[in-house]
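Engineer: Sequence:
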Amino acid sequence: MPVALLIFAVLIGLDQWLKVWSLGHLQTDTYTPVIQNVLSLILTFNTGAAWNLFAGATVFLAVLRVGVGIGLLFYLSKQKPQGITFWSLLLIAVGAVGNAIDVFWYGKVIDMFYSHQLSWVTQRIYGQPFPIFNLADICIVSGTILLMASSLFARKPEAPRNTLEA
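Mapping of the sequence shown onto UniProt numbering: position 77 corresponds to residue 77, and the numbering continues sequentially without gaps.
Warning: the hint list may mix true and false statements.
If you anchor each label on the Cβ, the simulated ranges turn out as follows [claimed, not checked]:
1) V34 with M148: 24 to 30 Å
2) I145 with S119: 18 to 24 Å
3) Q128 with K156: 16 to 22 Å
4) S119 with V3: 34 to 40 Å
5) L118 with S150: 22 to 28 Å
6) P2 with R124: 45 to 51 Å
7) L64 with I125: 55 to 61 Å
8) Q82 with T47: 33 to 39 Å
9) Q128 with K78: 25 to 31 Å
10) A9 with Q82: 17 to 23 Å
11) G56 with P2: 37 to 43 Å
Bear in mind the hints are in silico, worked out from the structure with no lab data behind them.
Ideal Cβ positions, reconstructed from N, Cα and C, are used throughout, including at glycine.
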């Protein structure tokens, strides 16, 4: 668990550093290309959850995020899951706590990454660009995808065989 706590702290630190850097270097009305037509940076704020769902429920969502993050860390320390399950839950905890910190410091979540490809897809599906996101969001989504994949491809325990003796 000490290595996991170190990784947790490093990812939280990187997430917060990116957000502070974004506040000082990005503008809310200007896209800054990182990789032309792939990834851009722009400063935006979110008072809700993904896709700005529950906008305005900032404090409730922050408390929920802290609860999820601490709950997952407690679960990881007590249950000690292995492999992908462990890393999935750790990533989700990082993302939850990282976004909660924003709300406590700034009153809203700071986002900065804009994906041109994801926006191209969502524009065609429902006419809206893909939401601008941050490292904490990447951790939550990556952890969730890993957790779902591991449960889909996990080996199922064999059912006990019924043997009838004559």
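Engineer: Take the hints in turn and mark each one as holding or not.
Structural biologist: Structure-based check of each hint:
Checking the proposed 24 to 30 Å range against V34 and M148 shows it holds: the Cβ atoms sit about 28 Å from each other. Hint check: I145 to S119, Cβ distance near 19 Å, so the stated range 18 to 24 Å holds. In this structure the hint that Q128 and K156 lie 16 to 22 Å apart at CB is violated, the actual value being about 39 Å. At about 36 Å, the beta-carbon gap between S119 and V3 stays in the expected band of 34 to 40 Å.
Range check, L118 to S150: Cβ separation about 23 Å, and the 22 to 28 Å hint holds. A C-beta distance of roughly 46 Å is found between P2 and R124, which places it inside the suggested range of 45 to 51 Å. For L64 and I125, the hinted distance range of 55 to 61 Å is not satisfied, since their beta carbons lie about 28 Å from each other. For Q82 and T47, the hinted distance range of 33 to 39 Å is satisfied, since their beta carbons lie about 37 Å from each other.
Checking the proposed 25 to 31 Å range against Q128 and K78 shows it is violated: the Cβ atoms sit about 41 Å from each other. The supplied range of 17 to 23 Å is met by A9 and Q82, whose beta-carbon atoms lie about 21 Å from each other. Judged by the Cβ atoms, the range 37 to 43 Å given for G56 and P2 holds: they are separated by roughly 39 Å.
Violated hints, listed in ascending order, are 3, 7, 9; each of the other numbered hints is respected by the structure.
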